[in-house]
Structures are given as C-alpha cells and as structure tokens.
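J.: So the protein sequences, as listed, match chains A and B.
According to our numbering, the residues represented by the first sequence are 1 to 117, in order.
According to our numbering, the residues represented by the second sequence are 118 to 228, in order.
Honestly, the hints are just simulated from the structure, not real lab data.
Backbone N, C-alpha and C define an ideal beta-carbon position, used for all residues, glycine too.
Treat the hints with care, as some may be off.
Claimed, not checked - Think about it this way: if two alpha-carbon atoms lie no more than 20 Å apart in a straight line, the pair counts; the simulated PhoX-like pairs of lysine-lysine are:
1) B:196 <-> B:162
2) B:119 <-> A:42
3) B:159 <-> A:42
4) A:105 <-> A:83
5) B:159 <-> A:105
6) A:105 <-> B:162
7) B:196 <-> A:42
8) B:119 <-> A:57
Unchecked claim - Facing chain A, a subset of chain B residues (Cβ under 7 Å, in silico):
9) 161
10) 163
11) 194
12) 215
13) 218
14) 220
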Amino acid sequence: EPEVTQTPSHQVTQMGQEVILRCVPISNHLYFYWYRQILGQKVEFLVSFYNNEISEKSEIFDDQFSVERPDGSNFTLKIRSTKLEDSAMYFCASSDGVWGGGNEKLFFGSGTQLSVL
Amino acid sequence: RKEVEQDPGPFNVPEGATVAFNCTYSNSASQSFFWYRQDCRKEPKLLMSVYSSGNEDGRFTAQLNRASQYISLLIRDSKLSDSATYLCVVTNNNAGNMLTFGGGTRLMVKP
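Here chain A stands alone, though its shape is the one from the complex (with noise of 0.2 Å):
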C-alpha cells in the first residue's frame, strides 16, 4: 500500500526556535493536512491544503504555523517560534479528494514526535 513519510520521526528543539517537519505526501493525492496529537489527547485539524493553498485552519493553526509544497513531492509545516505547548506528536495526511459516499479514506503518515524544550 502507498505510503505517506514524515521526517524526522523526532525532533527536539528549544524554545522560541524555529522548526520544520516534512512530509512526503502519496503521489496522485491532490489534498493535505497536518493534524496534531499531544500526549493522551485526541487527534486535532491544524490545516487543510489543497491547490497550492490553504482550505481550512483550525484555531490552533496560528500566525506561528505555516505551511507550504516548496516542490512537487514535499509538504512542510512550519512552526515559527516554538513553545513549550508545541510539544507533540504531528501527523501529515493526505487524500485523493474523493468524498462523500463512505468511499473516504485519509492516509496519515507514522508522526513527528516534537518536544520543545
């Protein structure tokens, strides 16, 4: 089955720095998405991408946070100045765009692992 690849599976980073994890999204999927999931809480929507733009942000998704397709395979989050609440497990996903019938499925990649120290 394809795969998406998140690098580095982890990151440690301190405070008030800058990080950028990256994702290698499947290769005929047309939409992605960064979800986070801090230690023992659910799984949260950062942001949606779809033609070279973003299609939906959540709260969480702040002027800190950017996203961007630098080329033609990479999907990148960017957390500007980190904090100590950054801290989590950041999952890329991506789909092919078909919804609607049950026929949906988003693949996730294996997770950024991100303490901020």
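Position chain B against the provided structure of chain A, taking the given hints into account.
T.: Quick look at chain B alone, frame taken from chain A:
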C-alpha cells in the same frame, strides 16, 4: 459539549469476547463517519466507514443513528491483536474534509 464524545475506557475483555463501543457527536451537519484504530504512539488507521444502513467487515460491525447522533462499533470474537484505541471520527464534507476525532476508547484483550 465535546464535538465527538467517547468513553475512554479501558475496556478489558478476554479473548473471544464481544465488545461494543459507542460514540456521540454534536454537529448535526456531520456527513461522513468513521472508526479509526490507533496503536500506542502510532498513526491513526482507518478501520471502517460507517453507513446509515449499518455495515459489517468481518468481525467488525458499525452502526449509525443520525436521529440520535450516535455511532457504534461492535467487535466479535476479540483477538489479542485487537488491543488498541478506537477513534470515532466525523466530518462535515463542506468543511474541507476536516476530520473531527473523538478522544478514543481503549481496548485491552487479555489471553
């Protein structure tokens, strides 16, 4: 009120048991419904979509009651490998395919 609410468990059951999980959602505009499975510190993986008519996939049966805004998952003949957290997920297809996750129900199947 939480958007998607689940009993966190854990549900501790012996192998071979039948176990049922429930979920309620608050947004009546929700259009698509799913059960995902998440193993410890791993990514969520789609278990099955949930249809209004109810659907079955092997040992797993899912039901949706739109009037009560209630979703269920039944697992028959539990296996050790079924031990995981089961996430109830809904989406409003008008909201850019954004998934809203419940907090999950933890299942532990014992020998």
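J.: For every hint, state whether the structure bears it out.
T.: For each hint, the structure was consulted:
no., hint, in the structure
1, B:196 <-> B:162, "holds, 18 Å"
2, B:119 <-> A:42, "holds, 11 Å"
3, B:159 <-> A:42, "holds, 13 Å"
4, A:105 <-> A:83, "violated, 32 Å"
5, B:159 <-> A:105, "holds, 17 Å"
6, A:105 <-> B:162, "holds, 9 Å"
7, B:196 <-> A:42, "violated, 25 Å"
8, B:119 <-> A:57, "holds, 19 Å"
9, 161, "holds, 6 Å"
10, 163, "holds, 6 Å"
11, 194, "violated, 25 Å"
12, 215, "holds, 5 Å"
13, 218, "holds, 4 Å"
14, 220, "holds, 4 Å"
Checked against the numbered hints above, the structure breaks hints 4, 7 and 11 and satisfies the rest.
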